[in-house]
Every structure is written in structure tokens, then in C-alpha cells.
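Quick mapping for you: the protein sequence lines, in order, are chains E and Y.
139 is the number of the first residue of the first sequence in this note's numbering; add one for each residue after it.
135 is the number of the first residue of the second sequence in this note's numbering; add one for each residue after it.
I should point out that these hints are in silico values taken from the structure, not numbers from a laboratory.
Treat the numbers as computed from the prediction; the structure is a model and nothing was measured.
Ideal Cβ positions, reconstructed from N, Cα and C, are used throughout, including at glycine.
There could be a bad hint or two in this list.
Unchecked claim - Each computed DSBU-like pair below joins lysine-lysine, with the alpha-carbon atoms no more than 30 Å apart:
#1 E:Lys391 x E:Lys1196
#2 E:Lys762 x E:Lys255
#3 E:Lys957 x E:Lys943
#4 Y:Lys334 x E:Lys963
#5 Y:Lys216 x E:Lys981
#6 Y:Lys532 x E:Lys584
#7 E:Lys218 x E:Lys936
#8 E:Lys465 x E:Lys584
#9 E:Lys957 x E:Lys1039
To be verified - Away from chain E, derived, C-beta distances all over 12 Å, residues of chain Y:
#10 Leu231
#11 Thr234
#12 Tyr291
#13 Phe631
#14 Asn661
#15 Trp695
What the hints assert, rightly or not - Quick list of simulated restraints, FRET-style, between CB atoms:
#16 E:Pro780 x Y:Asn678: 42 to 52 Å
#17 Y:Val170 x E:Lys1075: 54 to 64 Å
#18 Y:Asp466 x E:Tyr452: 26 to 36 Å
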Amino acid sequence: MKKRNIQFLMLFLFSLFTGSILAQIEVTGIVSNSLSENLPGVTVLEVGTTNGTVTDFDGNYSIIVSNSEAVLEFTYVGMKTKDITVGNQTILNVILEESAEALDEVVVTALGISREKRSLGYAISEVEGDELRVVPQENALNALNGRVTGVQINSTGGAGSTVKVIIRGASSLTTDNQPLYVIDGVPIVSKLNNIGNTGSGVEVDYGSAISDLNPDDIENITVLKGPSAAALYGSRAGNGVVLITTRSGSNSKGLGVSFSSNSVFESPYKFLDFGTRFANGYRPDPSITQIDETSAGGVGPALDSGLTAIQWPYTAEELSSGIPVQKPLTSQGKNNAENFFETATTFINSISIYNSTDKLDYRLGYSNMQHEGFIPNSDLYKNNVSLNSSYKITDKIKVSSVINYASSGAKNRPSTSDRNANPLQAIYDINAHIDVRDMKDYWLIKGQTQNTPYNWGDDSSEFEYNNPYFLANEINNGFERKRFFGNVRADWNIMDDLSLMVRYTLNDYNEVRETKISSGFDRERNGAYGITNIDGVETNVDFLLAYNGKTNSDIWSYNVSVGGNIMKRNDSSNFGQTKNGGSGLILPNVFTLSNIAQDNILYGSSSSKKQVNSLYALASFGFKDMVYVDLTARNDWSSTLPESNNSFFYPSVSTSLLVNKMFDMGTNVSLLKVRAGWAQVGNDTDPYQLENVLANNGDWGSASQLSISSSLKNFNLKPELQTSIEFGADLSLFQNRLNAEFTYYTSDNENQILSVNDPVSSGFTTRLINAGLVRSTGFEAAIGGVIMEKSDFSWDVKFTYTQNKTTIEELIDGTDYIKFWGEAKGGAYSWVGDEVGQIVDRKFVRVEDPNSKYFGWPLLDDEGWENDDRTLSEDGKRVAPVIGNYNPDFQMGMLTSLNYKNWNLSMLFDWRKGGQFVSQTHRYYESDLRGDRWLDKVYDLSDVDDIPAYILANADNFLSPSGEFYPLVGGPTAELGGFPYDGLNDGVFLPGVIGEYNADGTFNDAGATENIGGPDTQYHPYGDNYPWSFTKASTFDADYIKLREISLGYSIPKSLAKKWKIQNASIAVFSRNIILWTKAGINIDPESAFQASGGTLSQGVERYNVQPWAIPFGIKLSLSI
Amino acid sequence: MNFIKNFISILLLIPLVLVSCDNGLVEVNENPNGVVPSESHPNLLISTVMTGLATSTTSRGFAGDTGVGAQYTQRDSWSDNKYDWGTGSIWSTNYNLLRTNKLANDRAVELGLEFHEGVTLVLKSMLFGALADYYGDIPYTEATTGNQIDGTSRPAYDTQQEVYMGVIADLERASTLLSGTIFTDIDPDQDVFYHGDPEKWERLANSLLLRYYMRLSEKDPSTAQDGVVATLAKQLIVSADDDCVLAYVGGTENQSWPNSGQFGSASDFYRVKPCSTLTDKLDELSDPRMNIWFAPVEIPTIVVPAAEVPGGGDIGELNGVRYISDATIGVDYAIYSASTYAADLEAGLKLVDTNPVYVGLPVAVSSIDPFEYNLNFEGARGGKNPYVSKMNDIFNQKEDGGEFLKARLMSAAEVHFLMAEAAQRNWGSDTQGHYEMGIQASLNAWGMGDEYTDYIDNVGVAFDGSLAQIMEQKWIANMFNGDQAYLDWRRTGLPAFVAGPFAREDVMPLRFIYPADEININGDNYNIGASTLVETSYSTTDPNDSPYARPWIVQELSSPW
């Protein structure tokens, strides 16, 4: 009954789109391929209707069409679709041609050379622009997540933040490992160090260069993953290349106009876990009559238990009478933060006009993006104009040009990384008894003093914590970036076989960052102001002469090209600002440089230049369309290296064997290709790495202060050398219904330009050297296919799998390890033989004498505190325990698309398995006892009669290295298991043994005191116990499953389009980046585990980079005429 | 095909053109952003070393390891004052400054600038001297040579004795260089200590010689005696006008007096409290310097009969005075006294300090942060405990602090006390005269010169001829130069500091331990250096490199313990 109802409903719905059936004609026929083999399962559809059928096992079909003007569409995987008007035919036999798309698929390779994919001896990944636009993204790269293998993409925060892309593992130990982007031949470097720091405690991510590209302009993206693919790009391609081709008018049939409009709404729904049980304070003393609003601690008197105290906000009567009143202590609940956040909105509107004639084609596009964030007063905007045109001067000469202008910016990018100016932190630091809405009116004295909690009786300006609304509204980090990039090129078909391309490319950008801080910020009480100008210009001039040699027979074919490139890059910046933490502005809230007192202004400028000259050649040979061999060679001359080492050469070779052409494998195997490649890429360095200049430390009164840097540079640097080998296979089965690609690679990165640690007693703390061998190995697979294909229904699925491991194989003598960052008492360190990305901790000191009866017990000090051993290594061996790795074990993507008539449902899932991250948020938050997680972990043994016996009975958990890491026993109150301590019941103790070692190294059992709840146990107040000395306390698993994209779309039928005289119109609703599951379960997106420090981003550690989770809702409208 | 051949031959020329471009690449890589070290002038470098040395010494001596260690101050929050010394920050601070100082010294020698050579030798001596003082054996001869062709990035250790001898030799040479008459290239603005006055630098070099010869008084008395006797004949800093000081210019945190709450967190200032060892002593001596250093307690405490406590109960406050019922004394609370407070704490009593004006924080008074001291029950970390005195507000400034906020590295007071000590040891003359001039110089430095005549006759101040009294007044006069106060204690055991009830050990430590980088990166040399330390009964639970192990300077000696 139910089923029939649904069928009826669906029939009803479809009839809305189909119209009525009039004069009917029956058409029959056979569908076959060019070899006269009949094709079963071919879809036959009357265009513009839902009327359709499928051919039987012998290729026969029969269909009743509405009238003689009906058009039948024949579609079959791996074959070109054919449309035939019925006319007065009743028998229609159809021959379908094999689709070139599948077997002769042409892809864009290095230098923009189009090649047949089957001839390539290396793996590349391609994504079509249409696919990228299914679900609109503010940054096009985010759409690559899960779609391509071998690529790890992390967006470091909300909209407009830096996107980190790692291709086949981070193989360089010192650079940011970002790939080279080449947009229509224009190289664009997209670095990670986009952090601005004007104002004390203000750190802002202004986003990476690649986000200036308009996703709507992209025709396709090709990812060249290994050196084999990227060798021709030379020294900049060591981390892979992302080739982006923008849309042109060349494919359009006459004049066309496209318009699309996207609206996205995001409401936050998941926040950090608030503690709601206690008011502010250091000990939960119920007799306290006044809350200490400025305390960092979160275990004051209990909330919601009938207690009262003098507390902020103070009422008008209290303030006017000067007599404070004790009010009930009540919590504001778990959703206090929700009241602060706003619904984020994004609107993207794009329009393009394109045309194609015999001589001229062009596409002119404009796009506008407006975004408002979760945090009040945060925004982002972007405008893009692009013109892509080509003109055939003669039959042999074509000139073309791509011009892009992007202007992006924001009135305010909130500080979302470190403490202090970050509204996200401020919102989570609010005392549990305070309603965040009481802070919305954030001025106490407008323009001067924040309305923020202070203690009764104190000066209201002596607060310790900033009002989140104040931070959001009165610290404004604006920026505007204008980028002009594009090329002019000429193509000359000198002869049939010989062509020359000459090109000039330009990438010119200017970014202005301006920070305005009102008076009243606790770290800049008199306000602050700063303006920074960043300029960069890169030009490339290149040529490519290509000879396409075909011999008379079909047996041999060859192509030879030679080319050259001159790259010049100028970067400069200048800034002026108040000194961070200085005396601020002269007149409040007047934001000009001239409003900064002479001795408080900080200014500076710097510039750098770089040039690389290159020559290269490539040759490819084909034999009988069975065997292909590619050879490439390139030589670079880089200005950044010393004269004696500045020329470097590297070759590559790759081969592709089409096994299915060598042996008859039947019609089910369309393609079986095996491939292998070997390649080298050299890599230079940044300008001015050979010798340090003196640093200016600013003035002291009238004295200048110069100093020599503690980082020693090197006059004898050599280029780095990366050598890679890759093997793979490509397979297509059942007329391309099932496709698979597998690749295994190893990549050795030698002579790395490394900064190694020196002891400061040598005068220097780091030294630049060439050393080391870092090896990445990995496996990538993509398997996709058509699961079901019926007349009006189809279902495609594609899986991607990426696995990479990078290890340090060699360093130099005297350097045992490389440090990537140090935070939370531990850090990311890797020793020789270790994997990159390791997180190490301090050692938890335990009884080490195996003959002691306390062997393995925590060895506590006289006061019952744990001991930590901070020794990293001894005799070259690691002492510090490894507690994780910030890289995943593997990542998998699943892309699925369901088509039913004019409806489409597509979904992209992304699963990260393995890896860890350090949450400094939790470290600070929980050590101040603000969340409930730590409280819930503490063992409440109030029900246990004999605690020492219980602990001994459960020694595996409480006292063993393999048990609980820090099994604290007790609680903040008697009800929660606390022991009597100093007049209250907030005592806790750490199970272990207090004792010491004898001179001969044996543990002194007799002199030891068991600290397990017996009479000699050392108790501490609960508020003082958090394993602050150990990274492990705040290290979490990074596994997650995300629904990256989901979209439900409807396109109007072709008949309707015809009637309305438009090309196409569609509507879609979508959502993206929905976090379905995280292993850690702490409401932090592990993907955003980045911490800004020292101008760059540390991976695998975050500190208040905690955007709330949201499920966006988006609508997309597209129209082409 | 001819066409192709021609075309290709043209193309082959392009490489040649490109390769010739190679020559220009070196110029592209010339850094426009600064001066290369080999062309630098020492004038621009010495200022950096001077400000770094002066500010770091005062940070340490005001509320850092040695200010707390010498019992001038105690930390109220995020510190336990337990003398559980770790690596100290002086290692990296001083070696970093020595790098820049070495370049300045090398350039001075290359350019033949004797004033600058002398100045850099004095600075080098102060930097290395402090390193040897605090660690024992240290990299010295091979240190800071990582950028030199014949240098090393893994410097070997010299013994503490060798370093002291090197420091003394450098100071002797500096003294000679600076006693010249013709100097070139002096830029008074760049010399933030003495405005380019060679004579004052010479006095500083000689005064430092006196300090370092005296450092050997117990370990190597004959060298000490010869050196002191010879140095006393030289020009010394005997007037407070010649003190080696750096005036804070203010404006930013690193140019202002340490722990000013005007930058960063306001509580930075409140976290530093006077130590009761000093407040008790100043009280006892009716020392006028108390008023300039400390602020009177906001809410004094008095113990009264139960009936007089306002509002009844055990504790009450009225009109800015806190009253505590005498019934609680000996039951819950005990009145603070220097001699009994440790025992009272151990008996589980809480301390009440009833000093009406200056309530200091006793040494190592708590196993955790001592912000609750003096019954500040509702206190918080970094809070403004109203029952304990704060530092005088002048130390909480954002601007130039006038005549008081100066980093003081060597003073006429210290020199006079050294001379008094020399005389007391019969290595010089006029013990009492120098003792009194030392006190006067210190009072002058703190704007209390007028109080001298009253003060000098006070009980406990009037000279009794003992070394203990000289060292006590020297300790007071060295206020905020915790280094010298602590090192004097280590040398002589005077003043007779007590480590405090919650200190890590019953005695005060003898040194800092070596930093982790030495262990991790320079391990072979570190092991040799650390192996010369001698274990004590307090260092048995530690590796050899313990704060309680004896470096050479206190080996086989009975002082300080």
C-alpha cells in the first residue's frame, strides 16, 4: 500500500514535467558499435521527456514516441551520445562510435602541453571545473578534497583563511611544502605565512594567494603529483604542480551568457564543552561571599546549588547605593556561546559572456562574493574580472591573452589563533554564571573602558578578561589585496609539424593590511594602529618550440620540444605601526600614523629579488600505440645559490605500456596500461640565504641597536635534489564502466637546505646546511564506475585512497633530530629513522628499578607531585616518548552521483584515519578547570571503603605504565569524591610512590611512601591538579568522517529550454563540510589543527582556533542563454 | 627541411644568451636590506650588548631567579619560590649577547679602535663572568666561534677557574686600553652606560677586577689578595655618579622596568611582593630605603580580643583595618615571626602578619602559589592581595622612571663595601670609612642622602667591625642586583639566608643546571663539563648536573654550607 502510494506520488511529480502524450509513433531498431557488435543496455530516451527504454541483450529496442518531431538520444558508457530526429522512420538502426573521451582522453600536462592520457608514464589527477562547481566553494582548492588522490588539503580556519595543500607528503624539512600553482601559464606561489601581527596578542590569518582565483573561471585543474609529471617546471615543482586552465569562449556555439547565483547560510550548532557546575574561583568554597571574577580558575563555589554571592553584572541599585547584594549563583547552561555567534552568510554571483567565431573567441567573466562570518563584525569580499580571448591573425598565427583582476578584502578578519585578541577564546573564558548577552553592550565608558567583569570594589577598568563583543567590534583587522595576473602569448604554426609558442606572464599584487584597535583593549589600553603594504611582481618570459614528427608508417611517432624561461621576482613590504604593547595612540581612536608618538612608532621596509633562468627539452616516442617513452631534461640557473653551485641539471624518463594492445584481452578490457617513471628535480632556496645582514633591534633612546642573528647562513649552499620513482597501472573494464588507477611511489629528497640546531654556546642557535635524506613512500588508488545505468537513472561511484609516509633517513653528524615546533611542553620532533610529523612528550617518571616492588609506579616528589623528564635525547637516542603523529595513516574519499531524469544527487565523503593533534585550547581551558571533560576523568572513589586496597587491586590502571595516563583520584567537592583538604573537600591525590633512588641506582623500597590514599598520602586542592607538564593530557585522535559536499539539483528539460530559448537552467540545494564524526569528540575540527606562531602555521597543534561547527544550507541558481 | 635547420640553429643561440645571463645572477642576490657583518662598525653593536646585559641582569635581580633567590622579593603567583632552580635564562641570554659582542670586538681590533676594544672586553668579562658564576665549567675559549672557519659549533668547556682567570686577564687588558688618552670614533649616543667617557669605563674595568678578585677570596685567597691589593691602587668607581647604570627609557615592555603591569597583564606587577627577609631587616634598622622600594600594606591586620572584632566572629574588617580575634591564635592561626613561622606552618597553623606598615612575603612560604598568604582567603592568582605589601608604584611605570628606575650593574656602594671587606681582611685599609661610604653611596643612589646622618647611628647600622655587618649592608645596597647579592652569599654565607619551610632542600642551591640544548646537542662536551661538579648530600637524587652540586668555586669549602 505504502509503496504504491509513493509510486503514485512520483508519477504525479513527473507528470508535472512531461506534458501530455499526443499522436504516438512506435520506433524499433538495433544499436551496434563500429565493429558491428550489437550493444546491450544502451539507453534510448525521447529528448525532453521521461519516455525511454534500454536495448536488450541483442541490441534491440522499441519505443513509442509522441510525434515525428521527437528526437531520440542514444547513450552508452564509452560511446559518443547520438541524437536522431525520428521523422517518418519507424525502424531506426544506429551505430554508436567509441567515445574519444574515454580511450583517447586528452589531458593537460606540464607547460600546458595537451597529451593523450594513455601515453603518459606517470599519474596525474584531473578535475573538471563543472565538478568543482557542483557545490560552490569560497576557495576552489577545498573542492579537491577527497576528489583526487595523493593530495592532502587542510583549511586552517573559516572562510578566507590559508589553505594548506600537501602533495605526496611533506618532503622538505624546512620549506612550507606548498605546490606551485600555474594558472594559464602564470606561476603563482601560495605561501602559508600569511599571518599579520599588529597589536599585542593580535594574530590574523589573511589567507593565501591562491584564494584570489575565482572558482567560477576554472575550466579544469590538473594535479601533477610527482617529479615525473612536474620535472619540466624545474626547481619550483619539487612539491608538485597544480595546473589550472581557465575557461575560454572557444567551446561556445555562438554568443552565450551565463549567470549563476549562490547563497549559503550557516548556523553554528556545536561549541566547545562549557563547564557549568562552578563559578569562577580557585577553590569551591561555599562560604565565599563574593565571586572573584578575574580569577583564571573555574572551580569557585558550586552553581545551581542554592548559594549566593556578590557577582557581576552589578545592578544599578547596587552601584548607586554602593551596597552589593548577594544574588543566587546560577549557571547559564551549555549554550551560552551560541548566543554570541551569528548566522554566517555567503553570496556569490557570477556572470559571463562568451562567443566563438572563426577568428575570435572570448570569454568575459565577473564574479562577486560577499561573506559575513559567525563572529559578529567579521567579513570577506572578493571581486574577480577575467577576460580570456584569442584571435587568429592568419591561419598559422594565433595570439591569445588571459587577464585576471582580483580584488579581495575584509573590513575585519578576527584574530582566531592565539590568545588575547581572539573573540573565540574570550567567549569560552566567560565565567559560567554570566550570561554572554549581558556583555553585548560592550562599553562601560564609550571609547575608553570595556563593560567586562570586574570585582566588586575594584576599579572597573582593572579587568583581566576582554569582552568578546569588544574584541569582535573594536579590533578591526582589515585588508585589501589586488592581484593582476595573466599572459599574452603567440602561437605560430610554422609548418604542419613545427610550432612555436612565445609567452609573457605577469603576476602583480599589492596587499594592504590595516589594524585599528580602540582604546580599552587590555593589552593596548590606549589603542593601536598599523598599516602594512606588501607588493610582489613576478614575470616570466618563455618559449616552446615543438616538432611533431610522424613517420609515414603508423609504427613510430615522436615529438620533440625545446623551451626556455626567464623568471624574475621582486617582493617588497613596508609597514608603520604602534609598538606592540606600547603607549598606543595620542588621540584615542584616530587611526593614522601621524597619531603615534615618535618614540612609540615602529616602521620598517624590506625588499628581495630573485631570478631563475631555465632551458629545457622533452621528447616522447611512441611505438605502434603500444609503448610510449618520455624523456625530459632541464637546467636552471638560480640567483639564490652561490655562483659555483647555481647551475643545476635534472632529467626524467617515463614509459607507458598498453598491455591491452599487445595482447588480445577481449572486449571487456578497454585499457590496461602499466607505467613507470624516474625523475629528478633540483630545488633552490629563498633570496639572501648565503650571508646574514645585521638586524636592527630598534632604538634605545637615541642609541641604535644592531645585532647579529642567531641563525647562521651558509656561503656554500647547494641545490636540493629530489629523486623519485613511480610505478602504476591504469585499467578500464566493461566499456569503461569500471575504471581504476593505482600508483606506488618513492621519493628521496637529498641535500636538503636545512636549518639545524646548534648549542647557543657556539654563538648560534641554528645553522643552514645541505644535509639529510628524507624519503616519502606512498600508494594512491582511484576506483570508479557506473553501478547502475537505466534509461532515466544512473548511479556513479568513485573512491579515492591516499597513503603516504615520510621518514628521515639521514641527517648530519651531531644532529640527531629535527624540530618542527615545540608547544605544550612537548612538540613535533623526528629523529633519524623516524617518521615526519611525530609528536613527542616529556617522560612521566616512574620507578625504573625492576627489582623494586614499586617497579613501574609513578615516582612522585616529596609533595606528591609527578615528575617529568624533559630530556629529549641521550647519545643520539630519543628519550622523549612518542605520543602521536600529526599525519594521517590514510585518507579515503567517496564520490557518488545519482541521476534520475533531470534530477541529480551527488555526495562527497571524506574519511581520515589515524593521526593526532594537540589541543592547546583544551590545555589552557582544562588547566583552568573550565570544561567538564577533565572533571569527568578524575576518579570519584567516594563509594570505595578502602581506597588503598582498591588502588592496589586495580594497579594495572592506577599504577602501571600501560594504565591510565594521569589517574587523579578525588574531586572538587565531597559529593564528587573530594577528600578533606585545608578546610574544604576539594582534595585530590595522584597514585604513586614517594621515594628516591640510592647512590647505586637501586630504588629505596624501605624509605618509600605509598601515595595511594593511605595515611601518608599527599593531597592537593583539585584546582591545582592538571598534568600541565605533559603534552599527552591535551593530545587527541584526529580521525574524522566528513560529508564534504552534498547537492541536490534539478535542470529543466531540454524541450523546455528550447521553448524558452535558453541553453540551460538549473537549481540546486547543497551543503558542505558537515562533520559527521570525530574520534576525539571534543567539538574541534581536527582539520583546523593549526597554530599560528612566528608568522607561520604549525601543523597538528591548535590554540583557540575553534570555529563552531555548522551545517551550511545553500541554494544555487544557474542560467545560460 | 632547410627552414627547420635554420630555425633550430637560431634556437641554439638562445641558450648562449641565457647562459650569459648567469653572470648577472650574483648581483640579484645582494641583500639590500642591511649591512653585512664584515662592514659593521662596533658603535652600532655595543649599545645592543649593553642594553641586553643591563635589562636581563635587572629582570633576574628584581623578581627573577636571583631577586627571589637573594630574598629581595618573592613571587606571589605562578611560582613557588622553592629554590628548585632549573636552567636559568642567563645561559642563552649571555651567549646571544656574546655573539654580537664578539663581532664588535673583532671589528674594533680590525679597525684599531682601542676604546671599543676595551669596552667590548669589559662587556665580554661581565657576560662570561656571570656564566661561570652560575654554571661552573662553560664553553669559553671556543665559544661563539660557530661562524668562523677555524671555529666550532660544538664548543669544548673550559674549567670555571680558567674562565675566571680569562675574565681577570681581559679586564686587566681593558683597563690598560682604556687608560689611554687618544681614542677615535667614539659616539657618545651609542654608549648607553657612560656616553663615551673612557675614564669611567676604566673605573668600571677596575671595579670589576675588584669584584672578580674578591670572588676568589675563599677558594684561592692568595690570588685574591694579590689582585685586590693591586687593584685598590687603581681608579675605581667611588662616587654614585660613576655607577654603571642604564636608565629605562620606557614606552615599551622591554625598555621599561621589569614586571611593569602597564604592558601585557596588569597583574604582572602585583605578582611581585617584597620578601619578608628584607622587610624585617629594613624594619629592624629603620632603613629609609623601605619607603622608596615598597608600598605600605593596604589593609593592616591587628589581633584583638574576640569582643572587639567588628561584626562578631573571628575576623572582621572596618575602615581599612582587619581585626582578628586573639582566640584564634594558636588554634587556627599563628602570628608571623621570622624565627617561628616555619614550625607554625608545619603544625598546620596559618600565618597572620600584624606588621602595621610593611608585610613581606616569607621565603618559600607555600607548597603552591603563595597568593593566599596572610589569610587572603578569597584571593586569586595574580590578584591584589590587600594584606601583603606591594612594590612601590614607581616600579609600575610605563614611562621613563626618572632617577630611580635604572638597571645598576656596578655601583660605588658595592665598590666601597668591597674595599671595606678588603680592609677587614687586612688587604686594604679603613674598614669603617668604606662601610659608611658604601651606605652613603647607596642612600644617594636612592635619593635618601639626607637620611644618612640619622641612619648611620641606628642600632644595627652603626659599624661593629664585623664582616657580617658589611655583607648585610652590601646586600641591602645591592637591591635589585640579585646576582651580586646571591653570589656574595655563596662566597661568604652572609647574610645567613634560610631556604624557607617549603624550599626544595634545607639549604639554598649553588648553581643553575645546564640547559637542555647543551645536553641534547653538545652532549660530549657537556658530559666533560658536568663531570667536574662534586655531588653533595642534597644532590643525590639528581644527575651530577644538580643545582646542589658544587662547582669549583665552592668545592672543598665550608661556606656557604
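Outcome of the hint check:
no.	hint	result
1	E:Lys391 x E:Lys1196	15 Å, holds
2	E:Lys762 x E:Lys255	16 Å, holds
3	E:Lys957 x E:Lys943	18 Å, holds
4	Y:Lys334 x E:Lys963	46 Å, violated
5	Y:Lys216 x E:Lys981	23 Å, holds
6	Y:Lys532 x E:Lys584	24 Å, holds
7	E:Lys218 x E:Lys936	22 Å, holds
8	E:Lys465 x E:Lys584	28 Å, holds
9	E:Lys957 x E:Lys1039	56 Å, violated
10	Leu231	9 Å, violated
11	Thr234	5 Å, violated
12	Tyr291	9 Å, violated
13	Phe631	21 Å, holds
14	Asn661	10 Å, violated
15	Trp695	20 Å, holds
16	E:Pro780 x Y:Asn678: 42 to 52 Å	44 Å, holds
17	Y:Val170 x E:Lys1075: 54 to 64 Å	56 Å, holds
18	Y:Asp466 x E:Tyr452: 26 to 36 Å	32 Å, holds
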